[in-house]
Each structure stands twice: as structure tokens, then as C-alpha cells.
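Protein chains in written order, with this note's numbering: chain A, 1 to 347; chain B, 1 to 347; chain C, 1 to 347; chain D, 1 to 347.
Be aware that a few hints might be false.
Away from chain D, derived, C-beta distances all over 10 Å, residues of chain B [said to hold, decoys possible]:
1) Glu110
2) Gln115
3) Gly199
4) Val286
5) Ala338
Here are the computed lysine-lysine pairs in the DSSO-like style, where the Cα-Cα straight-line distance is at most 30 Å [to be verified]:
6) B:Lys229 with A:Lys229
7) B:Lys229 with D:Lys229
8) C:Lys229 with B:Lys229
9) A:Lys229 with C:Lys229
10) A:Lys229 with D:Lys229
11) C:Lys229 with D:Lys229
If you're looking for bench data, these hints aren't it; they were derived computationally from the structure. All C-beta atoms, glycine included, are put in the ideal place defined by N, C-alpha and C.
There are 4 protein chains.
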Amino acid sequence: MDKLRIAVIGAGYWGPNLVRNFRNSPDWDLVAVCDLDPLRAARVVGDRSTVEVETDVSRLLERDDVDAVAIATPARTHAELAVAALEAGKHVLVEKPLASNLEDARRMVEVAAAQGRALMLDHTFCYTPAVRHIRQMIADGVVGDVLYVDSVRINLGLVQPDVNVFWDLAPHDLSILDFILPSGLDVGPVTATGADPLGTGRACIGHASLPLPGGGIANISVNWLSPTKIRSFVVGGRNRTLVWDDLNPMQRVALYDRGVDVATRPDDLAERKQVNVSYRMGDIHVPALREAEALGLMVAEFAAAIREGRAPLTDGHSGMRVLSVLHAIDESLASGHAVSPQRGAAS
Amino acid sequence: MDKLRIAVIGAGYWGPNLVRNFRNSPDWDLVAVCDLDPLRAARVVGDRSTVEVETDVSRLLERDDVDAVAIATPARTHAELAVAALEAGKHVLVEKPLASNLEDARRMVEVAAAQGRALMLDHTFCYTPAVRHIRQMIADGVVGDVLYVDSVRINLGLVQPDVNVFWDLAPHDLSILDFILPSGLDVGPVTATGADPLGTGRACIGHASLPLPGGGIANISVNWLSPTKIRSFVVGGRNRTLVWDDLNPMQRVALYDRGVDVATRPDDLAERKQVNVSYRMGDIHVPALREAEALGLMVAEFAAAIREGRAPLTDGHSGMRVLSVLHAIDESLASGHAVSPQRGAAS
Amino acid sequence: MDKLRIAVIGAGYWGPNLVRNFRNSPDWDLVAVCDLDPLRAARVVGDRSTVEVETDVSRLLERDDVDAVAIATPARTHAELAVAALEAGKHVLVEKPLASNLEDARRMVEVAAAQGRALMLDHTFCYTPAVRHIRQMIADGVVGDVLYVDSVRINLGLVQPDVNVFWDLAPHDLSILDFILPSGLDVGPVTATGADPLGTGRACIGHASLPLPGGGIANISVNWLSPTKIRSFVVGGRNRTLVWDDLNPMQRVALYDRGVDVATRPDDLAERKQVNVSYRMGDIHVPALREAEALGLMVAEFAAAIREGRAPLTDGHSGMRVLSVLHAIDESLASGHAVSPQRGAAS
Amino acid sequence: MDKLRIAVIGAGYWGPNLVRNFRNSPDWDLVAVCDLDPLRAARVVGDRSTVEVETDVSRLLERDDVDAVAIATPARTHAELAVAALEAGKHVLVEKPLASNLEDARRMVEVAAAQGRALMLDHTFCYTPAVRHIRQMIADGVVGDVLYVDSVRINLGLVQPDVNVFWDLAPHDLSILDFILPSGLDVGPVTATGADPLGTGRACIGHASLPLPGGGIANISVNWLSPTKIRSFVVGGRNRTLVWDDLNPMQRVALYDRGVDVATRPDDLAERKQVNVSYRMGDIHVPALREAEALGLMVAEFAAAIREGRAPLTDGHSGMRVLSVLHAIDESLASGHAVSPQRGAAS
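My request is simple: use the sequences and hints to build the entire structure.
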């Protein structure tokens, strides 16, 4: 099978990771790296290589030997670049977040549909073996109804000039929720709190509570101000509990065969009697997940979606659902009220 | 030095732990165990023992050979029992929470003051070597300004008939905050969210955000519905970060010699330039804490406070500050707004 | 059912643990504690107790209200005390090691048999839920043929005047091996090495290799000179591998569903071709073991064995097998050769 | 500074790792990859690359644009290839072990000296930040006299046709010991035991005890038959203990500020009194080590040694000391006696 031909736009923070993975992929032929700064692009390409360096996006998009582009530039430039690429007939992979506002995002989705081209979000974590396993365990009913999700993402990172900590880190958690929950990222009114104890002008620490359809709740904690990295993600189900600790390579995912149930009749509750919640204390099961770089699996999915003429697992609609919760979080932070994410965004 | 003479009231869930610790203490002579059910009291006392069993509190309080009582009965009975004991001239130790409402609590504090007797709260965790170390590290300036506190307490436990999950579990976190923060539990408007996915009639999962005086924030997560136990408590300071994991006996407390700072001038922020937060990535230090049962240290403090005629480290005022945040949490849950804890409660 | 009546002889290092467990047991009534030093015995008994203090073993053994004794004195006194107690008609529990030489040990076993009384060794670890689970997994064929056992026991401990580190620590490992292996502690010629880098006059660090019947090997590492505690015990089987880490309460035992097999024919081996060992990389399974104090389960087994008139799980024969490997280790240390443990010791 | 020009010989198991690291290094220009199988070499080089593929070593060694070669072929071919390269004026990096016998090894060292070219061993672990830190802590006296070293290396790996498990895995442990101990790999008579429970014709599980100069001991456990990976390395010193767990990225090295000392006078020992070993139980210190790939640091050292005209940190003499202990281990396995490693090997 012929390789698909890709160019990477943006040789900054994340671009080199994309370059490395397209290069190592049996699906892809890396044709060019494009950056306004040719030295930066050349450094990413490296010595003794015939991968080309481009500095002009328009010229790149006119080339016939490029099937697809991967956009790793600042979020505010995503829409213009992606629309131009789609209109030039290229398939497009975009770094998260999809765009800096919902209107831009909607336009990108519409142009992709009109052009019949793939529009894929690099929601990297959805391609980890861990998240795919969690999704499967929920879909198969092993976990049972999801009672709660607790995600803590304390991460080294630059405090960014345009956005608060939610926009930087929460897209990871939100895209994972969208991916693993049977109903996707379909949440009720969002309550967000934040703090900026160093006076940077934006929230550097944040917490968001997202009501889930069945009465459960997802809590997301994000934090820029800690030099200690924590990535813990717990899914509590009626039948079993899943714990994902991405920093423990020996045991990333553990399935606790433990559940809770309420044995008391509503009458008893009304009479203020003791409520009998019974816990089943079973074994722990640690699945043997293959150790694979998520980015490698992500570029494989991009190729597969193009070849099969189908939407990628993490498509533009998924990107829009994430964006609309981010907007609701911002409004809740500003108003002090719970705010419902805009619907219809991701029909 | 003569031993102080104690009676334990309540032989239910927690009473046996108090009995064991008073018995093993060089400071105390356990005279009697009092419970409405004499068989339950006798079972706690055990065989071949001359510790007496009582079923009548009034008779117990009339005894001359009892210096102090420890009250381990349901919260709604605390006020009446404690006031009676104080008025009978006994020193009083109460299980948390201090009372079921602030008026009762205030009365208990006032009677203790009027009688010149010690009123102590069993805020057990404040007596762990871990929490005492954390308090010291903050007081000594090692941690620096507290930017955030993240406390996760996911615990096995009965869903209780009278109270929601905050009243059951958050007193631990709140009493620890009151103990370790230089300004005590002096927090801004509280935002709380909760969920009751099993339909028990009260929140079984909860999250509360408490603004701290200097612009920082404390987040508290409590959860009854998980058979997986997590107890993680992180204090992020400007200079260093403290991580307390009570379920890791090999390394309960770790002090990360890592800090953050903002190097950018306010002007730059206004111009939307990159904010330079610099991270200092230093070593981790794990102090050698002695392994001691917190309850043992707590009963020692009770004796010391009585003998020295001073307030215990966790006194009635501390109990009132905890209570007033619990009430604010309940109001925030009900109203969907942030709610300021009642001041003056703990003058 | 009437309680059995016990007296503990020896109120030193280990005695108080026995006292606490007999006291808490529904099977036992603790009648007396016996020690040459009456103050030490009284301290162990504690206040407000009617448990009696004895200083004379002969008088103790004459009492009619004592069914059994537990001997927690130095090893060199075990034989005399145990034989006297057995001849007085008492059942006997002895701390490890059974005796300081094999002749004494044999006499103890013979007297117990002649008197029809239980002689039990306090091989405490055999009563942990972890070891009982390991034994079951091997007996059920889940682990498959045992290819190797690696036991590391690095322990705080006093350097003892009479014995080297093997006699102090290895009885734990040896009694566990005796308990879990289908053929018991039936090993080939033992090779032992040791070191005494602080010049104490006896090995403070030791390693022993014990060939197992099927071609496998058990390695035991013991060490007094480390203030860092390690207790790791791995059983590698043809089908699965068991890892027991007693210092990890969240996950004491893990069963790795992983095995190895050799696919190459002997001919290939002769021709020095690549040997195909295939690894099966399956999941990890962590059983839900109850958290129970091993000593509590041990005293329950002592009572059960007496009531059912059967040998205890860890009886005198087991103690003799452990002793004879300890002697072989000493001889190997002294001679620099592999030494076969004396057979027939534990027929 | 001009880059040094390297060719990698051998595109099998380890070659691709060398290729990747030479490619990413600022010190090196990867000119060619040489393998008997041109397709295998081409696959390692990858697409859109101008790195050349060679199949003839003689032709490669005649090239003027190659300063150095890295040899990643089977051990029995090392000597011939390395000597040819050295005589062609190339600097040489060799995978471990240096050669398959001591005579070959000695010849390699002599030719390198005669030619004035660098001969370096890829003792990879010596270039990890962890091992360099351990070496420094010992050299600085922080650890104190080394009382014991315990190294456990349980590793996935092919059972190899030519060698037993010691030759495959123990070179890692031995080269680390040679690197970190003040006196290098200067050990007394070696005792080795092994087992071959699957009947492969060579030891698949092994243990070796190596007496250290000051009375201490190093124990090495290696194992092919476990699908569970363990890499634990403990250095017990008189003042402090170092624990290195290479599979725990959050805390690879921990320095326990704990030591032991003997307070008893020799007279007391003679009188069989209690020996007072006192333990100092201090804090644990986890140094902030940079996360760097050891191979990257190794190729940097190769370049630095060439440029500075000095011996590399892990030179041919180090390789010979490792070889001579491997031979002693084999002899001890065969004879059942302790065997002294051949001296003068590594003068």
C-alpha cells in the first residue's frame, strides 16, 4: 500500500513530536516541515535528510505531493490554516484546542464536510492503550453506571499569555471524558472555581464540577503552579472502579472489582434510618496493556480514517464539544454561577 | 505523677479505640465505660478486668473518682452530655463534629470557659506525626506562602442517616487546615458541589473550594461511594510542595524542594506576552517521622492541657470554625452560590 | 464453647505480642504471665487486670487451671521448658527456632507424641493471609512447577550474641518454604555465603542457595546491617509468578499471569541454535486478602488443633526441618562447600 | 566544532539504538550503517535519508570519512572487527562483553594502546544519571565504607545459545560495581550457584557472591526465566544506604540517611553478651536527577574521550576486569568452589 504524504506546519513545541511519529510510521511519508523560521524547521528535520523545509504555507498547500497537513501552531491560527488546507483538498490534523472560539470551530467542521476531507483533533490521550481500555470496560458494562470521575492533572507547564489553566490542560480531561462516556461529553451546568495567587492575570489553578447524565459527577482539577506532576484519573462505577495513573508504568490501569449498592428502601430513608450501602470488596485486576506511544497510534488512526473514508475517532465534533465546555467553564468562573454548555454545538 | 481518671461514654464504633488508648496511656487510668447497652460496654471492657461498666450518665457524672469524660456518641447528643459533664466539673473530650449546630457549640464553649474546664475536640489527624510536621514546615517558612491545598479523602464508610458526606468526612480536612494554616480556617466564600447518584437523599460525593486569605485556594474532595481508599493531601507553597499520603507507610510525607515564581513584570502581562513562571526543580526530602498512633498522642495532649491548665491544641473554638464552614458548604450546595462562613463564630 | 486457658512464659521482646493476641482471642482465656522479673510481667499485664503474675515455672505448671503454655524465652531454654510443660500435660506453643540443636528438638517432638499433647511452632508468617494464599495458588496448580523462589529479608534487628543472621531471620523464610512448597522443605545441598564487615564475630549478612527437587532453586538473602527494611518474596512458576511485598499494604500479593516455556527441541540445543523461550505476558491479579494480624490467626490455629486433637499446621516436625537446614547453612559457611541438610530429621 | 564521523557495524538488536543516539548527538555525524544484510541496514537508516548502507566491513574501514566505528555484533566477532578497525586507525566502541575470552580482550587493549586510539566499552548503565550519582556519593564519603551491595536483575530476555544468564546480564552489574567502588572490581574468591529448571543446557537463574576488599560482600542475582522485570540495586554503607530502583521514574535513587555501628567492645563479644549495633534512623533524600537517555550520554563520552585524547570512563581495562569475574563465576559454577578472578588481567 502506498504511503500517504504529510507535511507538518509548525516546528515549535509540539511539532517535533509529530515529525518523529510521522517519520517512524509505516503509513506515512513525511514530505516537508513548514515554519516561518527556516532554521527552526531545518533543526527539526535534522542532518542527512531529504525532507524539505518550507516557509510559505500557500506554496505548501499548492503542492500535489502532499495529501494531508498536521497543524501545530498557536490555537488562534488554527481556523485560517485548516480552512485553507481543506479548501486545497488536504486532509487536516489539528492540535488541541480545535480553535479559539466556537464559530471558527463550526466553520472548520463545515468546510471539512463540504470538501469531503478528514478533520481530526490530536486528542492524544484518547489513543493511549490505557484510555482505550477504560473506554472498552465502560462500553462492555464491566464498570457499570458511572457514579463519578475524578481527574487530577497537575503539570509542569508555561503559564500561557492568552489563556487560563483550563484552556491549557482541561482539553485533555474533557476529550477523554468525551471518548470514554457512553453519552460523550453531555454534561449539565458546569461549576468552576479558580485562583491566581501569583497575580498573573488569569486562573493558574482550577477546579470544575460537571454533572453527568445519570446523576453522577465529574470533577476536574488542573494546576500550573506545581512543579510536582500528578496525573490521576478515577472512574467510579456501580460495579467496579477504574484507577488510571499514567505516571506508574508498571501498573497504569487497575480495575478494582469493587462496587457499592444501596439496600435500603426509600421508606427507611424517609424515616432517617441508617442507609445500608454495601461494598463488595473484590480483587484488583491489572490488564497487560501494550506500551505504545499514543502519538504513533494517533497518526495511524489519521491514515486509517483517510483510507476508509470515515470520520476519525476524535473528529471536529468532538473538538467542538470540548470547546463548548471550556466556554461554560470560563463563564462560570466569571459569574460565580453554574453555566450550561452550549448545545447543538456538536450535533 | 498521679494518673488522671477517665470514663468513656459510648461503646459504639469509635469508643473501643478510645478505650484502648486510654488504657495504654501512662497519663490515664480508665475507670469506667458507659453505654445504654451494658453488654456492649462489657464487651469493650473485656475479660479479667476491673474497669467498671456504667449505664447511667447522671450516676457516672456524680462520681468523685472521675476527672474527665470522653464522649463518643452521635453528634446530636454531644451538647447535652458535654454541658452536663462540664457542669459536674469534669473535663470533656468530644468526638467530631463538636455539635450538630453552631448555637449548641457556642454554649459548650461558654460553659467550659465558665467552669474552667478543658473542652477538647478529637481532631485525630492533627495528632499524627505527619500533620504536626506539615504544620511545622509551614510555620517555619520552609513551604512559603500557601498557594493551594488539595485534599482527597475517598473512604470506606457507612452512608449515614442524618448527614451528607461533607459532615462525615470533611471535618478531618477542615480541622487539619485549621491546624496547619498560619491564619487557621479563615476562608472566603465557599463553593460546594455534590452528587447523589444512588438516590440516598443526600450528597454522597462532594467537592468544596475554599478561597484562602493570600489568594490561594483549598480544594476538598470527599466520597462515600468508592470502595477504594485514597487519602492524599498536597500543600503547594511558593518555595516548596508537601505531599502527604497517609496510605504509604514507607513515605508518608515528602517535601519537594521545588517552587514557582513569576518573573514577568505586570506591564508584560498587559501586553499579552509570555508569562515567565520559573520552576525550581530540586530534590525530594522524606522526613523520618516516628510511627505513633495519633489517638495515643491525642489522649496525651488531653492530659497535658488539663495539667497545665491551658487550652488543648484542638479546642472548642477550632471545633466551631469547622462547624461554620460545614454550614456554609450546606448552604452553597442548596443555593448554588458561594457562601461565606459565619464569622465571629470562633473569636 | 469453653475457652482454653493459657499462660505465657517470658515477658520480654515477643511475649507482649502473644499476651495481646491471647487476650483478644475468643478461643483463649489468658490466666497468667510468667517471668523471672515480676515487674516486667506486671507491666505486660497492665492495670485493672486480674490476670496473674507468676515468677516460678514449676508452680505454674502444677496449676490445674492452665491448659497450655506459650514459651517466648531464649532459644537455648526452649527444650527444657517445653519438655517440662508437656510432661505436666500442657499443650505447648514455642517461639522459633524450635531449639538450639537437633537432638533437643527431636526430644521435644517425641515427648509431645508420647504425652498426646500439641507441640506448635510460632512460624508467624505462615498464618498471614498472604502466605496462605500463596500456598493455595501453588497447591491448586495456578503457579505451576516452581522454578525459583527469591526471598529478601532486610530487617532492623539487634545483632544477637549467640547466633548469626541466618539463625535470627532465615527461620521465617525456611518455615514459609516448608509451608508453601508441595514437598515441604526438601532441598538439596545448601550453599551459603556471609560477611561480617563490622567485625562482630558472626555473619551479619548472608545468602543461601537451596536446590529444589524439580531443578529449581530458592535463594534467601538476610541482612542485619541495614536500617532499611525490605521484605520481598517472589515465587516464579512455569505458569505464573507470585510477588509478595509485605510492606505494601495496598497490594501485598500480586499474581502475574505470565509464564515461560522452552519451545526448542534438545537437538537444537546441542547444535547451539537460539533457544526459544517464549514468555506469555498476561495480566496482573491482586487478590483481596483480609487484613488480619497473623498472630491472631496463629493462636486460633493453636486452639483448633488442641480441640480437634490433630497436629497444628506448623508442628514440631516443621520446626525440625527448619533447624536441619540452619545447621547445613552453618556448615556450608564454615567449610566453603555445599552441604546437604540432615535427613530423617523430620520424618 | 566539527562533528566526528561514525559508522555503526551491526543492525541487529542493539544497533538501531546506537544509530538513533549517534543521529541525535551534536557530537557525531552518522555516515554509514554496515550489516551483512543490506535490507536490515536500510530499514535502520529509514526513508529520505542520505546515511549510507554498507555490507563490507573492509571497504568501510578503508574510508577516509569515518573517524570511528561502533561494533554491535555477536561477542565472538568483537575481537577481529575491533582489531581491524583499530589497525585502520579508527576509534572503537564495543558492545559488552568486550570479547568472548581474556586473550582476545588483552589483544584488543594492546592494539588500541599501540595505535593510540580509543577503545571504549558500552557499559550503558554507567552513563545513567543514577549510577553517576551513586558513584559520587561513594567517592565523597557520604555513603561511608561499603558493607554490602545487593543487585537483582530479573529481566526479559532471550535464552541465548552460546552463554548462560551470567554472561548475558551480569556484565551490567559487574561494570556498575567496577565504576562505583573506590577500588573498582577488585573482589575476592567468587561463589556462584545456578539452576536450569527448564533443561536448556545452561544456567538460566544465577546467584553470585563477591567478597569486597573491606570485609563487605556484593550479591548479584540474575534471572532469565521471569516475565516480571525487577532492577533493584542497594548499596549499604556504614553511614548511609543507597537504593536504586530503575523502574521507578519518580524516584530512581533514594539516599537513606541511616547507618549502623557496633558499640560493643571485643571483650563483650567474647563473653557472648548482647552486641550493641546502633541504628541511626534519619531522613530519606531523593536527588533531582536529570532524565537523560544513558546511550546519549555514552556517545557524548566517546566523543569527549577522542577529542581530549584520554581513556574513556569505561575503557578496555574495565571490560577485562568484568570478563575475568565472568570466567571466575563459570569456574565456580562448574566446580562448586569459590574461585578467585584472574589478576593482572586489568593492570
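Verification of the supplied hints:
| no. | hint | in the structure |
| --- | --- | --- |
| 1 | Glu110 | holds, 45 Å |
| 2 | Gln115 | holds, 44 Å |
| 3 | Gly199 | holds, 40 Å |
| 4 | Val286 | violated, 4 Å |
| 5 | Ala338 | holds, 36 Å |
| 6 | B:Lys229 with A:Lys229 | holds, 21 Å |
| 7 | B:Lys229 with D:Lys229 | holds, 28 Å |
| 8 | C:Lys229 with B:Lys229 | holds, 25 Å |
| 9 | A:Lys229 with C:Lys229 | holds, 28 Å |
| 10 | A:Lys229 with D:Lys229 | holds, 25 Å |
| 11 | C:Lys229 with D:Lys229 | holds, 21 Å |
Hint 4 from the earlier list is the only one contradicted by this structure; the remaining hints agree with it.
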